[in-house]
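A.B. asks: Here's the letter readout for the chains.
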Amino acid sequence: MTVDHAELITFKGFGKTFSTKAGDLRAATDINLAIGQGEFVTLVGPSGCGKSTLLNAAAGLFPPTDGQVLYRGKPVAGYNHSVGYMTQSDHLLPWRDVVGNIAVPLEIKGMGRREIADRVSELVTLVGLKGFEKSYPTQLSGGMRKRAALARLLAYDPDTLLMDEPFGALDAQLRLGLQIQLRRLCQRLNKTVLFVTHDLDEAIALADRAVVFTRRPGTVKRILTVDLPRDRNLMQLRHDRRYMELTAELWDLLAPSIAEIEALVEAA
Amino acid sequence: MRVWLIRFVLLASFLALWEITSGWLFRPFFISSPSAVLITFWKWVESGRLFYHAGITVIEAFTGFALGGLAGMAAGIVLGQSRTLADILDPFIMIFYSLPKIALAPLFVLWFGVGIDMKIILTASVVFFLVFLNTYTGVRNVSRELIAILRLMGASDRHVLTKVILPSAVSWVFAGLRLSVPYALIGAIVGELIAANQGLGYLLADASGQFNTAGVFAALLAIVLLALVLNFFVKILEKLVMPWHQDQELREFSI
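Chains A and B supply the protein sequences, listed in that same order.
For the first sequence, this note's numbering gives the first residue as 1, with consecutive numbering after it.
For the second sequence, this note's numbering gives the first residue as 269, with consecutive numbering after it.
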């Protein structure tokens, strides 16, 4: 499969300042970034460098302070219905069971009952939650909740997935399983993904491109093109030479800012 | 099981102490005795007097509870969603909230007479505020993230209301309703104490007027039983409406 490089999301001179009680906080500054249709882009950088801000702006939760955010060439104004959002906390509706939660976007679309039931059962199987259809979120483990949230995200079939450390709190095996699923699904359905992570391995393993940010106010420091095969085998990556080179490169890019933080901690 | 045994022993020894001291340490005129109370209670049951009066109180408490609860919920949902409206009305709401609603009883007698309507309205005005304030808080506390996520799915205002705001406010509404049960009874019974010729409050006032201490205690017993029944119904309703809540209580605790 080839990447169709029609520009889908474009950040042009993007900057964002939040006003807080303690004064203005410059979260992101002068960001220029173009994401193509069907691309899997990971965003890495120190905490508070504006990665999540970028996602929020792409979703239209707030307007940029400076510059522009374009989606399919048009400025994002208000909630962007072409994107699906998944964060570290799964934001399932606690009063609905797994089936009910996955059905939410379908109900909003106004689908018929029978159609919803069919589609939901497909998705439940897809994310491996068979047998837990009637469980409420509080009865599920963290990994299951993530999978339910992923199924809900896929249910409304947005063109673009915005993912903010979705697998952050999971154990290594579960994470790998979900990463494989996600990568496979996105490739099959030609989804565009903006994926924020703190995990350097994840940043390379999943990405077509990895965007490295500077410390706050965050701006793009480097963009690594991950020239691994598109249908890569995530299980075998650990032994891949190119993969090791790329993660090492990413490490070197981020190490200086980690050193800076260390210095700050020691000074304090 | 053991807890129940201890409870039973406590109750039994209290009743025994009451029975023994009555007529020996204290005059039965003031404290009556459990046996006398039970006899009076049983007489009322047999004559049907109890059910008649309890029925009236139930109608008053229940109708007032339902009306006040519904109005409180509706007001809570509307004001919870509109910050401006809530800001404008805030001082007025606080004035009415701080006013002991029971003090409105004489006014309600003037307006609605001494019939059953006056007790219903008194009860409703007491329940209204408890349910309203809880619902309002509930609607205010709805996770904005949940709403944003549904908005991204293309949810309309109606979707957000029915799929997020209402269900998440439900547990608050029930907190208000549970709190309201005893207050609903206060409303109904105070109304009856002030002016009535039927209802448990009337039975209570009537027994007291005739210096029938056993009757006073029997009426109190009936009121307690009624409160238990009402509480029970709220609990059942809660379980039916919020199945996910029960699981939350049962699930294993972890932090």
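Keep in mind the hints are simulated off the structure, nothing from the lab.
Quick reminder that beta carbons are idealized off the backbone N, C-alpha and C, glycines included.
Some hints here could point you the wrong way.
Heads up, simulated DSS-like pairs for lysine-lysine below, C-alpha to C-alpha not over 27 angstroms straight-line [stated by the list, open to error]:
{"id": "1", "chain 1": "B", "residue 1": "Lys503", "chain 2": "A", "residue 2": "Lys130"}
{"id": "2", "chain 1": "B", "residue 1": "Lys311", "chain 2": "A", "residue 2": "Lys134"}
{"id": "3", "chain 1": "A", "residue 1": "Lys12", "chain 2": "A", "residue 2": "Lys221"}
{"id": "4", "chain 1": "A", "residue 1": "Lys109", "chain 2": "A", "residue 2": "Lys134"}
With the C-beta cut set under 8 angstroms, the calculated list includes, among others, these residues of chain B facing chain A [unchecked claim]:
{"id": "5", "residue": "Ala280"}
{"id": "6", "residue": "Phe282"}
{"id": "7", "residue": "Leu283"}
{"id": "8", "residue": "Gly383"}
{"id": "9", "residue": "Val410"}
{"id": "10", "residue": "Leu414"}
{"id": "11", "residue": "Ile415"}
{"id": "12", "residue": "Arg419"}
{"id": "13", "residue": "Met421"}
{"id": "14", "residue": "Gly422"}
{"id": "15", "residue": "Asp425"}
{"id": "16", "residue": "His427"}
{"id": "17", "residue": "Lys431"}
A.B. asks: Looking back at the numbered hints, which does the structure fail to meet, lowest number first?
C.D. replies: 1, 2, 5, 6, 7, 8, 9, 11 and 15
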